[in-house]
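Number of protein chains: 2
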Amino acid sequence: MNKNYLLTPGPTPVPASVSLEMAKPIIHHRTVGYEKIYAEVRDGLKYLFQTKEEVLILSSSGTGAMDAAVANTLSAGDTALVIAGGKFGERWGEICKAYNVNVISIDVKWGKAVNPDDIARSLQDNPDIKAVFTTFSETSTGVRHDIKTIADIVSKHKNTILVVDGITAVGVMEMPMDKWGLDVVVTGSQKALMMPPGLGLIALSQKAWKMAEQSNLPKYYLNLQKEKKCQSKNQSAYTPAISLIIALREALRMIKQDGLAQVFNRHTKLAKATRAAVSALGLRLLAPESPSEALTAVISPNGVDVSLLRGILSKKYGVTIAGGQGHLKGKIFRLAHIGYMNTFDVIIAISALEMTLKELGYPLELGAGVRVAEEILIQYS
Amino acid sequence: MNKNYLLTPGPTPVPASVSLEMAKPIIHHRTVGYEKIYAEVRDGLKYLFQTKEEVLILSSSGTGAMDAAVANTLSAGDTALVIAGGKFGERWGEICKAYNVNVISIDVKWGKAVNPDDIARSLQDNPDIKAVFTTFSETSTGVRHDIKTIADIVSKHKNTILVVDGITAVGVMEMPMDKWGLDVVVTGSQKALMMPPGLGLIALSQKAWKMAEQSNLPKYYLNLQKEKKCQSKNQSAYTPAISLIIALREALRMIKQDGLAQVFNRHTKLAKATRAAVSALGLRLLAPESPSEALTAVISPNGVDVSLLRGILSKKYGVTIAGGQGHLKGKIFRLAHIGYMNTFDVIIAISALEMTLKELGYPLELGAGVRVAEEILIQYS
Chain A
0 MNKNYLLTPG
10 PTPVPASVSL
20 EMAKPIIHHR
30 TVGYEKIYAE
40 VRDGLKYLFQ
50 TKEEVLILSS
60 SGTGAMDAAV
70 ANTLSAGDTA
80 LVIAGGKFGE
90 RWGEICKAYN
100 VNVISIDVKW
110 GKAVNPDDIA
120 RSLQDNPDIK
130 AVFTTFSETS
140 TGVRHDIKTI
150 ADIVSKHKNT
160 ILVVDGITAV
170 GVMEMPMDKW
180 GLDVVVTGSQ
190 KALMMPPGLG
200 LIALSQKAWK
210 MAEQSNLPKY
220 YLNLQKEKKC
230 QSKNQSAYTP
240 AISLIIALRE
250 ALRMIKQDGL
260 AQVFNRHTKL
270 AKATRAAVSA
280 LGLRLLAPES
290 PSEALTAVIS
300 PNGVDVSLLR
310 GILSKKYGVT
320 IAGGQGHLKG
330 KIFRLAHIGY
340 MNTFDVIIAI
350 SALEMTLKEL
360 GYPLELGAGV
370 RVAEEILIQY
380 S
Chain B
0 MNKNYLLTPG
10 PTPVPASVSL
20 EMAKPIIHHR
30 TVGYEKIYAE
40 VRDGLKYLFQ
50 TKEEVLILSS
60 SGTGAMDAAV
70 ANTLSAGDTA
80 LVIAGGKFGE
90 RWGEICKAYN
100 VNVISIDVKW
110 GKAVNPDDIA
120 RSLQDNPDIK
130 AVFTTFSETS
140 TGVRHDIKTI
150 ADIVSKHKNT
160 ILVVDGITAV
170 GVMEMPMDKW
180 GLDVVVTGSQ
190 KALMMPPGLG
200 LIALSQKAWK
210 MAEQSNLPKY
220 YLNLQKEKKC
230 QSKNQSAYTP
240 AISLIIALRE
250 ALRMIKQDGL
260 AQVFNRHTKL
270 AKATRAAVSA
280 LGLRLLAPES
290 PSEALTAVIS
300 PNGVDVSLLR
310 GILSKKYGVT
320 IAGGQGHLKG
330 KIFRLAHIGY
340 MNTFDVIIAI
350 SALEMTLKEL
360 GYPLELGAGV
370 RVAEEILIQY
380 S
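Top to bottom, those sequences are chains A and B.
For the first sequence, position 28 (counting from the first letter as 1) is numbered 27 according to numbering that gives the first Met the number 0, and the numbering increases by one without interruption.
For the second sequence, position 276 (counting from the first letter as 1) is numbered 275 according to numbering that gives the first Met the number 0, and the numbering increases by one without interruption.
Do not rely on the hints blindly, as some may be mistaken.
In this list, chains with the same sequence are indistinguishable; a pair is considered to hold if it fits within one copy or across any two.
[Said to hold, decoys possible] Simulated pairs of lysine-lysine, DSSO-like, Cα-Cα distance not exceeding 30 Å:
1) 209 x 268
2) 330 x 227
3) 35 x 23
4) 155 x 315
5) 111 x 232
6) 227 x 35
7) 96 x 129
8) 157 x 271
9) 51 x 209
10) 357 x 157
11) 23 x 45
12) 111 x 147
13) 2 x 228
14) 225 x 2
15) 227 x 96
16) 96 x 225
17) 225 x 328
18) 157 x 330
19) 23 x 2
These are calculated hints, taken from the structure and not from any lab test.
With these hints in hand, go ahead and build the complete structure from the sequences.
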C-alpha cells in the first residue's frame with residue numbers, strides 16, 4: 000500500500016488521461032487519422048512556445064534537440080558563446096566542441112545568474128560569435144537566467160542568434176519566443192509538458208532558419224530542414240514515436256484548457272510557497288537571487304547527509320526528490336514544482352522534508368514549513 | 000463498432016500487456032527500481048540479438064540507430080560499400096554521404112537480392128572499404144539478402160566491418176549476431192519487438208568497437224561510446240524514454256517465453272501461408288526468389304489501383320496495409336506478418352484482400368486464397 004510521489008524536475012508526474020492515451024491500440028502514422036492528430040499537436044506546440052514558427056518534434060531526449068540546435072545552425076570553425084553556470088549550460092559547450100565549433104565560455108558561479116552585460120561585452124569583443132547558447136532555467140542549480148534582457152542584447156547583432164535551452168522553462172515561465180525574439184528554443188517532453196521522456200522539441204526563428212541554410216555540420220537523423228518539410232505535411236522525416244505524440248495531444252489540450260497565464264501562475268505559486276517554506280525551516284536556497292519557478296535547489300544543512308535524506312524520503316515516505324549534480328552532488332537537494340503538480344505536491348514535499356530532517360537530527364519545529372506554505376497557497380485561487 | 004487491423008510492417012500491433020505498461024505511473028530513472036528493469040531489458044536484448052555484446056538503447060527511431068552506426072564507426076573520407084536495392088538500402092548511402100564518407104554502391108534491382116559474389120569482388124577491387132552496409136530484410140521490397148554468406152565474405156577482410164540493418168529482421172528470422180560474425184546490428188522498437196516506435200537499438204562487435212575508437216565523425220547525442228559506458232551501470236547517457244523501456248521489458252519477456260526458435264517458426268509459417276495464398280489468387284510476388292519472412296510484397300494486378308485497394312481495405316474492412324515506396328509507389332502493396340501477429344492476422348489479410356479485389360473487378364474465386372493459407376497454417380502447432 001505504498002503511495003509514491005515523484006517530485007523531481009524530470010521526469011515529472013504524468014496525468015492519467017495522458018498515460019491512458021499510450022495504452023490505446025497503436026495506429027499507423029501514414030493515415031489521415033494520425034495526420035489530424037499531428038496537426039492538433041503542431042497547433043498546440045505553437046501556442047505553448049508562443050510562436051508562429053513550426054515547433055519540430057524529434058524522437059529523442061531533450062539533449063537530442065540541443066544537439067540538433069548546434070548541428071543545424073553552425074559550421075565547423077564557427078565561434079559560439081556559451082553561458083555555463085550549471086550542468087546544462089556546460090552541455091552546450093560540450094556539444095559545440097563535439098562539432099568542432101570554437102567555444103567562448105562565460106563561467107558563472109553555480110547558483111548565480113549570468114550578468115547580461117558580460118554577454119554584451121563578449122559580443123562586442125568577439126564580433127565573429129555566430130550563436131549565444133543559454134539556459135532559461137538551469138535545472139542543475141535552479142537558477143533563472145534573464146533571457147529577456149539577453150535577447151534584447153543579442154538581437155542587436157544581426158549575424159548572431161540566441162539559442163535557449165527551455166527544457167525546464169517552456170510551460171513554466173513566460174517566454175514568448177516571437178515577442179522576445181528568441182531564435183532557437185528547445186524543450187523535452189518530460190518536464191512541464193507532463194509527458195514521459197522520449198520527445199525533443201525545437202523551434203527556429205526565420206533568422207535561425209537562414210543560418211541553417213548555410214550550416215555545413217554533418218547531420219542526418221537530426222536534420223531539421225528535412226523534418227520541417229515533412230512536418231508541414233503533418234508527417235515526420237522518420238517513423239515518429241506515435242504513442243508519445245498521441246499522448247502529447249492530450250497534454251497540450253490540458254495546458255490550453257487552463258491557459259498559459261494560469262499555467263505560469265500555478266508554477267509561480269508553487270515556487271513561492273516552496274521557497275518560503277524551506278526558508279522558514281532555516282534552510283538556505285542555492286539561488287535566492289534569481290530562482291527558476293520550476294524547482295528549488297536547497298543547500299543541505301551542516302550534518303545532514305543528502306543521500307541519507309533522499310533515502311528516508313524515498314523508503315519511508317515514497318517521495319522521490321533530486322540530489323545535486325556535478326560538484327554540487329551531496330551538497331544540495333532539489334524540490335521540483337513543474338508540470339502536473341499543484342498545491343498538495345508542495346505540501347507533501349515540505350511535510351516529508353520536515354519529518355525526515357527531524358529524524359536526521361536537524362532542529363526544526365514540525366509543521367513550521369507547511370504553515371508558511373499554506374499562508375502563500377491560500378492566496379491563490 | 001468498427002474493428003481495426005494493423006497489418007503494416009511497422010508500426011506493428013502492440014500486445015495489451017505491453018501497452019498497459021506505458022499507462023502505469025512514471026518512475027524516475029535514477030532509482031534502484033528502474034535500474035533493475037533496465038538490467039532485465041539488457042539481458043533480454045542480448046538474448047534477442049544472440050550476442051554477448053551490449054545492445055544499446057537510443058531514444059530515437061531506427062534511422063537514429065542507423066545514423067549512429069555510421070557516425071560512430073567511420074571517419075570523414077573513409078570509403079563504404081553500400082548495398083542498395085530498396086529504400087532502406089539506399090538510406091545507408093544517404094547517411095554516409097551526409098557524413099562525407101565516400102560511397103561505392105551496388106545497385107540491385109528492387110525485388111532482387113544482392114549476389115554475394117559482387118560484394119566479394121568489390122572488396123577485392125577496393126581494399127580501402129572500411130564498412131559494408133547491408134539490409135537483412137529490405138522493408139520496401141520484401142527481399143531477404145543473404146547476410147550469412149555476406150558475413151563470411153566480409154569477415155575475411157580484417158579492416159572491414161559488416162553493418163546490418165536488421166530493422167524488420169531481428170526477431171523475425173534467424174540472425175545470430177556473434178555466430179555469424181555481424182559487426183553492427185540495428186533495429187527499431189516498432190517491428191518484431193511489438194512496441195510503439197521511439198527506441199532505436201544497436202549492437203557492435205569488438206571489431207566495430209575498435210573502429211569506433213578511431214572514428215572522428217562528429218556526434219554528441221548519438222555517441223555510442225558514452226552510451227555504452229552509462230549502460231554498463233544500467234543508465235543511459237541522457238534521460239531515457241522510460242515508459243517505452245518499461246514496456247520493452249514486457250515485450251522481451253513475451254519473446255523469451257515463446258523462445259526465439261518458436262518466434263522464427265511463427266514468422267516462417269505466416270510468411271509461407273501469405274505467399275501461397277496470394278499466389279493462389281493469381282497475384283505475382285515482387286520478390287519470389289528471396290523473400291523476407293517479415294512481409295510479402297505483391298505486384299498489383301493490371302487494372303487494380305493500389306490506392307483504391309488500400310482505401311476499400313481501410314474504410315470498409317478496417318484493415319491497414321502498406322503500399323509501395325519510391326518508384327514502386329502505386330505498383331505494389333505489402334502485407335506484413337511481423338511481430339504480434341499470428342494465424343488469423345493472415346486469414347484476415349487474405350480474406351479482406353479477396354473481397355476487395357473482387358469488388359474492384361479482379362477475377363478470383365472468393366475463399367480460394369484463404370483455403371490455401373489454411374492448408375499451410377494447419378500444419379503448424
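Now for the hints, and whether the structure bears them out:
1. Neither within a single protomer nor between protomers do residue 209 and residue 268 lie at most 30 Å apart by alpha-carbon distance, with minima of 39 Å and 53 Å respectively.
2. Proximity of residue 330 to residue 227 under the C-alpha cut-off of 30 Å is restricted to the inter-copy arrangement: shortest distance 28 Å between copies versus 43 Å within a copy.
3. For the homomeric pair residue 35 and residue 23, the shortest alpha-carbon distances inside one copy (17 Å) and between copies (27 Å) are both at most 30 Å.
4. Taking identical chains as interchangeable, the C-alpha atoms of residue 155 and residue 315 are never at most 30 Å apart, the minima being 54 Å within one chain and 59 Å between chains.
5. In this assembly of identical chains, the alpha carbons of residue 111 and residue 232 never lie at most 30 Å apart, being 43 Å within a copy and 32 Å across copies at closest.
6. Within a single copy, residue 227 and residue 35 get their C-alpha atoms as close as 17 Å, which meets the 30 Å cut-off; across copies the closest is 38 Å, which misses it.
7. For the homomeric pair residue 96 and residue 129, the shortest alpha-carbon distances inside one copy (14 Å) and between copies (26 Å) are both at most 30 Å.
8. Taking the closest pair of Cα atoms, residue 157 and residue 271 never come within 30 Å of each other, the shortest separation being 38 Å inside a single copy and 63 Å across copies.
9. Taking identical chains as interchangeable, the C-alpha atoms of residue 51 and residue 209 lie at most 30 Å apart only when both belong to the same chain, with a minimum of 16 Å there against 47 Å between chains.
10. Within a single copy, residue 357 and residue 157 get their C-alpha atoms no closer than 56 Å, and across copies no closer than 64 Å, so neither meets the 30 Å cut-off.
11. Within a single copy, residue 23 and residue 45 get their C-alpha atoms as close as 26 Å, and across copies as close as 29 Å, so both meet the 30 Å cut-off.
12. In this homomeric assembly, residue 111 and residue 147 come within 30 Å of each other (Cα to Cα) only inside a single copy, at 17 Å, whereas the closest approach across copies is 59 Å.
13. Within a single copy, residue 2 and residue 228 get their C-alpha atoms no closer than 45 Å, and across copies no closer than 33 Å, so neither meets the 30 Å cut-off.
14. In the homo-oligomer, the alpha carbons of residue 225 and residue 2 never lie at most 30 Å apart, since the shortest distance is 45 Å inside one protomer and 35 Å across protomers.
15. With identical chains, the CA atoms of residue 227 and residue 96 are at most 30 Å apart both within one copy (26 Å) and between copies (21 Å).
16. Taking the shortest alpha-carbon separations for residue 96 and residue 225, both the intra-copy value of 24 Å and the inter-copy value of 15 Å come in at or below 30 Å.
17. Only between protomers do residue 225 and residue 328 lie at most 30 Å apart by alpha-carbon distance; the minimum there is 21 Å, versus 40 Å within a single protomer.
18. Proximity of residue 157 and residue 330 under a CA criterion of 30 Å is satisfied in neither setting, with 42 Å inside one chain copy and 50 Å between copies.
19. Taking the shortest Cα distances, residue 23 and residue 2 sit within 30 Å of each other both inside one copy (25 Å) and across copies (13 Å).
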